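Asks: So the chains spell out like this:
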Amino acid sequence: MWEKLANIDRRWLYALMIFVIALALIKPIGLAIVPSADTQKVYDIVEQLPPGSIVWMGMEFSAGGIPELMPAILSMIRQGWKDGRDLRFVCAGMWQMAGDMAEQAFSTVKAEFPDKEYGVDWVNIGYKPGGEVLLQQYQNSIIETAQGVDFYGNDLNTLPLMKEFTSLKQAKLVAIFCTGTPGEKEYIKHVTSPNNIPLIEAAISVSIPECMPLVQAGQIKGLVAGMKGAAEYEVLVGAPGSATAGMDAQSFSHALIIVFMILGNIGYVLTKNKKQAS
Amino acid sequence: MKKELPVAITLILAILYVLANYFTGVAFLDTAKNLLDRWYLIVAAWAVLVGSINLTQIHGRRISGKREGWIFSVWLLICLYGMMFFGIFVAKNASHPGWTFMYNQLIAPMNATVYSTIVFYIGSAAYRAFRVRSPEASVLLVTALIMMLGRVPLGRMLLGGHPALSQMADWILNVPNSAGMRGIQIGACLGGVATALRIALGIERGHLGGTGE
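From first to last, the protein sequence lines stand for chains G and F. Numbering of the first sequence is given in the working numbering, commencing with residue 1 and proceeding in unit increments. Numbering of the second sequence is given in the working numbering, commencing with residue 1001 and proceeding in unit increments.
Since the hints were derived computationally from the structure, they do not count as laboratory data. All values reported here derive from a predicted model rather than from experimental measurement. Positions of the beta carbon are idealized from the N, C-alpha and C atoms, including for glycine. Hints are not guaranteed to be accurate.
What the hints assert, rightly or not - Computed spacing ranges between beta-carbons, pair by pair: (1) G/Ala37 with F/Met1083: 38 to 46 Å; (2) G/Gln96 with F/Gly1180: 28 to 36 Å; (3) G/Trp12 with F/Met1084: 40 to 48 Å; (4) G/Asp44 with F/Gln1057: 51 to 59 Å; (5) G/Gln96 with F/Ile1118: 19 to 27 Å; (6) F/Ala1044 with G/Ile29: 46 to 54 Å; (7) G/Glu144 with F/Trp1171: 23 to 31 Å; (8) F/Gly1191 with G/Glu47: 37 to 45 Å; (9) G/Ile29 with F/Val1048: 46 to 54 Å; (10) F/Leu1158 with G/Ala37: 18 to 26 Å.
When you get a sec, could you build the whole thing from the sequences and use the hints?
Replies: Below is the structure:
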């Protein structure tokens, strides 16, 4: 019996995982989400920006990062636009889906802020090839580096925001949303450290260990850590969304994995003892 | 000259670029750096085309040789060229409804689905790998338990609202993890510098299509 406990067919594990996650999503119990110090720091940094400040949003992720990063983006846009704060956002990225991610975010939020106008309050430059060299060239001339067009094919010279925001160095804050490389290290190397621009980041959970030395060194001023951080950010902004809804599912899936680990170890220890005894 | 000329070009441009990064404000170096950056952007854009041709060659060979799974190669090429031609000749920009449909209904869900399957592998791997086989494995097991409970609201709920588990998880991230990560990143950077020097000095010639030294 103990051998069976140590060697459960993985299809049972998969089935249980699907069941637990689906149940948590269909019938959430609403576990309390308490904002952490890291997320609070990100919120405070955005909150302290003067009204009308221009924020560079680096969309350095693909569709796989949406569940963890999109809620943080939506929260940041809401925080920047509510209560007359009127922050302005310029979105771009070194990843191929940068433009699509920005489009998805702003098309979701703009219905809540009907007075906000494309080209005045936000611009979506989208993806341009070139990796970190792109970041260097954006500091010389954004319009020239972007070949003069935004994600939708509009002439950047006709957009009021881009007449004012001609270089990445003019950003008051760089906010990046990353799932890998190129990512925060490229921004730190080429943009934020040389120009002393504060950098905040929302990263997926698996990237958090890698980001911690940069946070401790002060190169990343604030970090929204994975879906939990995004849920905390939603709580701080006062607009619970998909991250908050997903925390129950994440909590119970973690609990299930822990149960698997405990069962596996019980089976392993008792099987080992039995073999030693015999 | 076939090997020497590219090596010489690499060496000269590498020295130029490094000097331009360390000596800012020198007009000649700034101009050279900007020029090299623009060339890089152009080459990077062309790399997409080169990648597409390479993919076509690889999968074309699979199809013509009817190797195992060749039908998937057919599907890959249909998707690759289908989206390419649609984007260039039909949609022409990202706000086209057809392009938006393909992104929202195909690319994003499929991309997310691939990442979503990871949870099953992690669950199965955690069940099999986190066993108390040795003291080191036991430390790994306990650390994993603390991190998994400390990074979700469930951990706080289990302790009646006390943040002990999340504080322990934060300590693990901030102290032992950061120490290890710093070592890894310093090592990776030193390795990167060594590799860059080898390429610049022509010792490493793999990118030229030949073998090393």
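Asks: Please go over all the hints and tell whether each is borne out by the structure.
Replies: Checked hints:
Judged by the Cβ atoms, the range 38 to 46 Å given for alanine 37 of chain G and methionine 1083 of chain F holds: they are separated by roughly 44 Å. Hint check: glutamine 96 of chain G to glycine 1180 of chain F, Cβ distance near 32 Å, so the stated range 28 to 36 Å holds. Remark: the range hint 40 to 48 Å for tryptophan 12 of chain G to methionine 1084 of chain F is upheld by a beta-carbon distance near 43 Å. Take aspartate 44 of chain G and glutamine 1057 of chain F: their Cβ atoms lie about 53 Å apart, and the range 51 to 59 Å holds.
The supplied range of 19 to 27 Å is met by glutamine 96 of chain G and isoleucine 1118 of chain F, whose beta-carbon atoms lie about 21 Å from each other. Between alanine 1044 of chain F and isoleucine 29 of chain G the Cβ separation comes to about 49 Å, which falls inside the hinted range of 46 to 54 Å. Range check, glutamate 144 of chain G to tryptophan 1171 of chain F: about 47 Å between beta-carbon atoms, so the 23 to 31 Å window is missed. Between glycine 1191 of chain F and glutamate 47 of chain G the Cβ separation comes to about 41 Å, which falls inside the hinted range of 37 to 45 Å.
Against the hinted window of 46 to 54 Å, the Cβ-Cβ separation of isoleucine 29 of chain G and valine 1048 of chain F comes to about 47 Å, which satisfies the hint. Restraint check, leucine 1158 of chain F to alanine 37 of chain G: a C-beta distance of roughly 21 Å satisfies the suggested window 18 to 26 Å.
The structure shown violates just one earlier hint, number 7.
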